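**Student:** These are the residues of each chain, in order.
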Amino acid sequence: MTSQGSIAEKLCDAAMKGDLRRGFTFVDEQGETFYSFGEIAEWAAQYAAAMLRLGLRRGERVALALPKSEEFVGAFLGAIHAGLVPVPMYPPQGLGKLGFYLEHARHILRASQSTLLITSAQVKTVLGSLIGGKTRFIRTVEGLGVDGTKAPLTRSNADDPAFLQFTSGSTSRPKGVLLTHGNIGANVGFFTEGLKANRDDVGCSWLPLYHDMGLIGFVLAPIFNCTPAVLMSPYVFLKRPVEWLRRISRHRATISFAPNFGYELCASRVRERDREALDLSSWRVAGCGAEPIQASTLERFHACFKSVGFDQKAFTAAYGLAENTLAVCFSSVGTPPQSERVSLHSLTSDGFAAPVDADDPSGIKLVNCGRPLRGQELAIVDGSGNRCAPRQVGEIVIRGPAVMRGYYNDSMATADAIKKGWLHTGDLGFLVDGELFVCGRIKDLIITAGRNYYPADIEWIASDVPGLRPGRVVAFGLTVAESDEGAERVVICAETKTRPLNRPALAEQVASHVLEALGLRVSEILLLDRGSLPRTSSGKLQRNKTRELYLTGGLETASRNEGKLALFGHLAGSQWGFFKSRVNSAIFGWGPRLKPQPDDSQNGPVH
Amino acid sequence: MAGTDYETLLAQTVEIITSFSNQTVTEDTNLVADLNLDSIGIAELVAEMEDRFNVVIPMERLPEIRSVRDIVVSLVPLVNQERG
Numbered sequence: 236m237t238s239q240g241s242i243a244e245k246l247c248d249a250a251m252k253g254d255l256r257r258g259f260t261f262v263d264e265q266g267e268t269f270y271s272f273g274e275i276a277e278w279a280a281q282y283a284a285a286m287l288r289l290g291l292r293r294g295e296r297v298a299l300a301l302p303k304s305e306e307f308v309g310a311f312l313g314a315i316h317a318g319l320v321p322v323p324m325y326p327p328q329g330l331g332k333l334g335f336y337l338e339h340a341r342h343i344l345r346a347s348q349s350t351l352l353i354t355s356a357q358v359k360t361v362l363g364s365l366i367g368g369k370t371r372f373i374r375t376v377e378g379l380g381v382d383g384t385k386a387p388l389t390r391s392n393a394d395d396p397a398f399l400q401f402t403s404g405s406t407s408r409p410k411g412v413l414l415t416h417g418n419i420g421a422n423v424g425f426f427t428e429g430l431k432a433n434r435d436d437v438g439c440s441w442l443p444l445y446h447d448m449g450l451i452g453f454v455l456a457p458i459f460n461c462t463p464a465v466l467m468s469p470y471v472f473l474k475r476p477v478e479w480l481r482r483i484s485r486h487r488a489t490i491s492f493a494p495n496f497g498y499e500l501c502a503s504r505v506r507e508r509d510r511e512a513l514d515l516s517s518w519r520v521a522g523c524g525a526e527p528i529q530a531s532t533l534e535r536f537h538a539c540f541k542s543v544g545f546d547q548k549a550f551t552a553a554y555g556l557a558e559n560t561l562a563v564c565f566s567s568v569g570t571p572p573q574s575e576r577v578s579l580h581s582l583t584s585d586g587f588a589a590p591v592d593a594d595d596p597s598g599i600k601l602v603n604c605g606r607p608l609r610g611q612e613l614a615i616v617d618g619s620g621n622r623c624a625p626r627q628v629g630e631i632v633i634r635g636p637a638v639m640r641g642y643y644n645d646s647m648a649t650a651d652a653i654k655k656g657w658l659h660t661g662d663l664g665f666l667v668d669g670e671l672f673v674c675g676r677i678k679d680l681i682i683t684a685g686r687n688y689y690p691a692d693i694e695w696i697a698s699d700v701p702g703l704r705p706g707r708v709v710a711f712g713l714t715v716a717e718s719d720e721g722a723e724r725v726v727i728c729a730e731t732k733t734r735p736l737n738r739p740a741l742a743e744q745v746a747s748h749v750l751e752a753l754g755l756r757v758s759e760i761l762l763l764d765r766g767s768l769p770r771t772s773s774g775k776l777q778r779n780k781t782r783e784l785y786l787t788g789g790l791e792t793a794s795r796n797e798g799k800l801a802l803f804g805h806l807a808g809s810q811w812g813f814f815k816s817r818v819n820s821a822i823f824g825w826g827p828r829l830k831p832q833p834d835d836s837q838n839g840p841v842h
Numbered sequence: 156m157a158g159t160d161y162e163t164l165l166a167q168t169v170e171i172i173t174s175f176s177n178q179t180v181t182e183d184t185n186l187v188a189d190l191n192l193d194s195i196g197i198a199e200l201v202a203e204m205e206d207r208f209n210v211v212i213p214m215e216r217l218p219e220i221r222s223v224r225d226i227v228v229s230l231v232p233l234v235n236q237e238r239g
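Heads up: the sequence lines are chains A and B, in that order.
According to our numbering, the residues represented by the first sequence are 236 to 842, in order.
According to our numbering, the residues represented by the second sequence are 156 to 239, in order.
Heads up, some of the hints might be wrong.
[As the list claims (entries may be wrong)] Sample of chain A residues at the chain B side, in silico, Cβ under 8 Å:
#: 1; residue: PRO302
#: 2; residue: PRO327
#: 3; residue: GLN357
#: 4; residue: TYR470
#: 5; residue: LEU473
#: 6; residue: ARG475
#: 7; residue: THR733
#: 8; residue: ARG765
Source of the hints: derived by calculation from the structure; they are not laboratory data.
Because the structure is a prediction, the values reported are computed rather than measured.
Virtual Cβ for every residue (Gly too), placed ideally from N, Cα, C.
Take the sequences, apply the hints, and build the full model.
**Tutor:** Below you can see the structure in the form of structure tokens.
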């Protein structure tokens, strides 16, 4: 089932229903403010009139860097109401990061060719210099002069661009994903059905609104379905994670999503006396996605909150990406999370997920992300585009009406991503009984000694070492060309909890722990101070950026630590050199030992 | 000014940040370069300060804050407004 009509038309429909209890509740440091869909539709028409007064024409891009959620929602929906194409940008965050922000904003404005940037007064003073080229106006909401004047609704077709979603760029510079009204209607329809959502559902989210999961999942889907949603500022959540759970309790929310770290933060930071006042029994879908899901985090969260009504069956593992609008797969709603233990050895050396017993210490637990949502096709393919057998690891490819039109103004990147109608996600995974398990990104795969390692596995294992900050570990590989030792090398960069008294001893502990668990020799371990590792706007660690900084020496400068520690450098010349030649023929990278696939009709090429 | 003065708030702030970061903290300590706080660490610290002084430090202030001094400068009017 897909929904017809543009976002602006859906908002008018929701407003026409006249139900004053349905709309958005905005939560910031000052408290809660509720607006019905009728009021929000009025904002949209008023923002649209103000934008059109500047002389903007249909299809022109409007960049939005607005920290206040009400303003963001008003301007976003206003642009669509006026037939313009909004471009959500993240506002500056954290301390003293304005220099980096300026560079990011320049990239987005140029790549999107935005005519107008709407932002706060504070950001305007920083970004004022970016005027020029296509960008003719930089305005605050106040400067835009939003008043009682309303613009008529501009109708859109399914093929018309709806908005540009810049990907957060964990592996490269952000690219503008062009989504049409048809894409959004299709994906919202698919995931509404997948979540068995109905008019009694209440959403609650602290996800940033410039990010696809927050924007499409908790602003657009509630408009399409005319269901209320509570939108909390991410800053409020980061300060006091319990606030998220309090709003779920107070509003009897039924659907809420967060990345793994959100659940982790609640499990580690919510105090017992705060926990007792919660009631999480209304929470029907506790979605987890947007970054690798750790079964252990979900278990910890459940152990912490089951006494206040949290039902383990609410956990819903999700896989999705901006290039497919938002959602691709959900684990089955209303059943506890399923995970499977597979042999790490078989996964790394053969790219095959062989099941092992639950108590097998050489196994690794992966979370089941379920089947593709109805209306979308998913396949796992090898480097030649042939379908992989069940349990064989390959690239996840997707086909269906939610696949983006392309990257805005970047035909080369688009041609790389969409081949014969199939979106190549760059993510690695395998299928068991048609259900998806995600392993990691192709570009991040570490190939060494003829075996393939997923950085997430190395990172999780290293995180176990006391003294390292959990989740603040990045692992990557260096090719022969990049390595100054004439062999492939594996590097771990990790933030430490405090400045360790004995860095070499801690580094050695990390190395031996990884060696024991994975059989992998790490050639170098950099122990860094808090906050040294670069992150994306949504808080994900940036592996590629870390790698880049490592290669240019930027990490050490940033952290002022006493220098890198070449632990196993002396091994490089012997063992590592020997294995080098075995890696070169790798397909994608999982090595010459990849099993050939049977060539029957099920396993035919996808393109 | 009858309210809490800069020096008093500075001493209290230094004490909070010292216990938070386990490092030697002075008025000139740079939160990013010296303490290397990431966004979660900063949010945690801000919550700690808000609880202690019973104020709200708005998100818009954060990009302007670099040093311990900057935090205290932001706090003085907030704390005095609160204590009226």
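**Student:** Please name the hints from earlier in the document that this structure breaks, with their numbers sorted from lowest to highest.
**Tutor:** Nothing - there is no hint that the structure violates, so all of them hold.
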